[in-house]
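Using the sequences and the accompanying hints, generate a full structural model.
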Amino acid sequence: MKNLLNSLKIPAEWIGLRKVTENWQLCSVRNEKPESSLHYLNSGVMVEVYVDGYFGYCATPSLETAAVQGAAERAFKQAQVFSQHKVAHLPLSVRPASVGSFRSPFRLSSQSLDLGEVHHRLLRVSQKLKISEKIVNRESSATFGDVRFEYVSTNGADITQDFTFAFSHLATTAWDQGVVQRRTDGGFLAHSFQSGVEALAEDILCQRGELVAREALELLTADECPEGRMSLLLAADQMMLQIHESVGHPLELDRILGDERNYAGHSFVKLKDFGHLQYGSSKMNVVFDPTFKSELASYGFDDGGALARREHLIREGRLLRGLGGLESQARSGVSGVSCFRSSSWNRAPIDRIANINLEPQSASLDDLISQVERGVYMQTNLSWSIDDFRDKFQFGCEYGRLIKDGQLTQTVRNPNYRGRTLEFWHHLAEVGGPSTLQWYGSPNCGKGEPNQLARVGHASPACLFHDIEIFGGQNRG
Amino acid sequence: MLRQLAYFTISKSSVDKTVDNLETSFSSLASALMNDLKTREKLNIELKAEKSLFVRFNDSRVRQSTETVEGRISLTLMSEHKTLTAELPWSFDFNISLKQCEQVKESCRAELMSLRSQVAKLPQDPYQVLPEGSSTSKEIVDDLAASESEIGQNLLSAFSDHPSCLTGLLTVGPVIRAFAHSQGASHWFSVNQFILNYTMGSLGAPERSVKGFYSATRWDSSELKKNLLASERHFQLMNRNGVKLAKGNYRVYLAPAAVYEILQLLAWDAFSERAYRQGASGLSRLRENKENFSPLLTLVENFGLGLSNRFNEWGELSPSKIALIEDGELKSNLICSRSAKEFEIPGNQANLRESIQSTEILPGQLPSADEQVLDHLGEGIYISNLHYLNWSERRSGRITGMTRYACFWVQRGKIVGPIENLRFDESIFNFWGQALEGLTTTRELQVSPLSYEMRDLGGALVPGMLIKSFSFTL
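Residue numbers (our numbering), protein chains in the order written: chain A, 1 to 477; chain B, 478 to 951.
Be aware that one or more of the hints could be misleading.
[What the hints assert, rightly or not] Computed cross-link-like contacts, DSSO-like style, restricted to lysine-lysine with a CA-CA straight-line distance of at most 27 Å:
hint, chain 1, residue 1, chain 2, residue 2
1, A, 134, B, 767
2, A, 33, B, 598
3, B, 519, A, 33
4, B, 582, B, 519
5, A, 128, B, 576
6, A, 77, A, 128
7, B, 724, B, 891
8, B, 576, A, 9
9, B, 576, A, 2
10, A, 130, B, 818
11, A, 283, A, 270
[Claimed, not checked] In silico negatives: residues of chain A with every beta carbon more than 12 Å from chain B:
hint, residue
12, 5
13, 66
14, 128
15, 132
16, 141
17, 154
18, 160
19, 275
20, 342
21, 392
22, 434
23, 466
[To be verified] Quick look at which bits of chain B chain A covers, simulated, 3 or more residues with Cβ under 8 Å:
hint, stretch
24, 540 to 554
25, 600 to 610
26, 623 to 637
27, 778 to 788
28, 908 to 919
The hints are simulated quantities; they were obtained by calculation from the structure and are not laboratory data.
On a predicted model such as this, the values are computed, not experimentally measured, just so you know.
Note that beta-carbon positions come from the ideal geometry of N, C-alpha and C, so glycine has one too.
This is the structure we're talking about:
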């Protein structure tokens, strides 16, 4: 890459090259029949050229010198034109000359497992999900692969990051007498990690699958979730979505600066809120953490070369820091984190959620339940919707249990809740301890114009909220 | 039985020679790979490609600009009842040289050999769809009448007319879809288009913004001016005092862009036969005759709109029109050939996802001019756009989402002021059922602006809708 960079002849103040190489295997099985098998390869280079405080971008799938030179020339011409109309003058310090590497942890490499073996494994797992004729649909899928990011620049950056991923998903649909209930394993692709294919071991998948199938059947004969204002205990796999939508996205600095207004939306958070706004109760501590290597969005450096460090975004409920890379920090004057990321070689980086985790405290799950007079314990996200300022939301879950006088009682189906973000987080009454902590991820966070997907990770304990509007699948509104 | 179908539409006044070059290269690649096949092997080859300029702007200033040329080749090998697909990059510019063409062939040939060794290890697929027939089609729309830089300059002029006001994305360039299979099918779809997708409103008051959209296959700067002026008129209304409404049921008018948001939710699974059989379709009650939509509603999948390629992942040509809802009744789901095998029913050449792509809702009798629409609305909410729709209870057709952008409280047929955005939670069997009062006579073409991984094709032609009662919850 350095040789390629050195060969470019462009009279620009700075040039950067970001090469991404991807090699994935994806397979899915439904009702004990193979559904799809895919070997996915992708590679290309994004050329960035800096002219008068502005970066022009041009991407090419070809690594030939002539093609990259051509891309650099186009990026340079583009930068010359658009720098005269730029939204902000960016200093070159937003592209630090970092040198380093990162490697995902893994025990068994992606190459140690072929699609044939994965398929047969998933077929066996799918068979295990068929515990009743009422389980009419059984899905199992696995995705695994490697992604390499290489980044060099004319001011001396030289970074190589090698990621190894393994994602798995299990789902069942139970159907009886007009009632249909779907139950998944933590949500769609929630088990997404930086890992080798040891995460796709058959016994691990079977164990998770058995619970999914049992609970789908349970939901068929469950009552609808009751309606009213009451306590809400959220399991870690719903906290993932709650954190993502009502903490992660509202804190993105480029969103607050207005870049996303036309698509993903804006934020109720203002720049002056950082350091001052009481976002939630004093139990709320949220960190940006790229250091837990197995979590899906851990890395050593972002796509602008900024070193990735763990930082508190919210401490004891107070908002401290934004989710914004060096460009947004320069534009806003607000502290941020290393989160300037692109989906692949063909997109310019923007501020992205990475790993955003809620820190555990000390309560066990039983402790949390014992504090509830009347409420619902909800697990696994099913439906999500929030307004374009990240304020008014409505989320639905797959599975609920009533809590009465400090005890878990019957299963309920179609549990939903709605609220407003700040009010909701101020109603955070208790945070579970390490025994309730779970890690989840998603490879499908969407944002940006043009659009990009990002891999994100969220770790959270179970959390208890009081006085939340809860409802089920009956006449409401 | 072999089917011979041919379908041609070519519209070009200026030929993009690099796209022509790509077409020749693709054909040459397909021939080479078909020659490499062994006995009883079948192969599908797909190409998705684009050449794009993206200019992202905020407050009428440029935030980021990106150019990209890219393509993806998909090879699906079928052998002994087993199927395996490889997707690999088309690693060269469209203006590919002979030498580079040979390099593409070699890397695809190597991948084909790899597929051959791996496919044998897979389990058999009883619902495998083998290539059949030798249908051909060619649709080319290349009439942009302006270069990317000219369009970019027009955009910059628009910025000077609307300082601190425009945020969004300009996308320009050709999008290509191509297909070939070992039985002789061959398809090519290429459209050179632009999309100007924008919000008009200042960063200082982002809640007072309006949404604008201008997309076509022919650039016309006078049309751009008209489009911006229309947005400007709504934007001026946003300066009126805001109106805070309590939750409850209201009469509403859904503008075409809002109706399109509903269609985009339905695109997920609503008309999919496979999703219905899994209990995952939000329109299940329609299929089970437990509900009907209003007889005012007719919805057709119509490839004559030119929004998307008509051929699917197996090289089958969809019928030009498929009636999905007719006078309120469900006429058909989308059934791909794989589902047809699985459920032992006739298919209708739907795509693998069984999703709507190029849809129209037939017009009604409601006059479309703003004033007349407001008169018919009387007292209620004018909804220009909706946001973040999702099923809140799929089996009963309940949808939740938010109002967004220029939504107004209307009294006695006059706009009072913009509303604070509201959340709704309502059954589609209500608002497209007995609560559907009318559809407008004129319709708007909505084009998909999505570009995850690569640019989408597709869209819809939709009217506005007057709804008697719509439930807001927050």
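Enumerated hints in conflict with the structure, sorted upward: 5, 6, 13, 20, 21, 27 and 28
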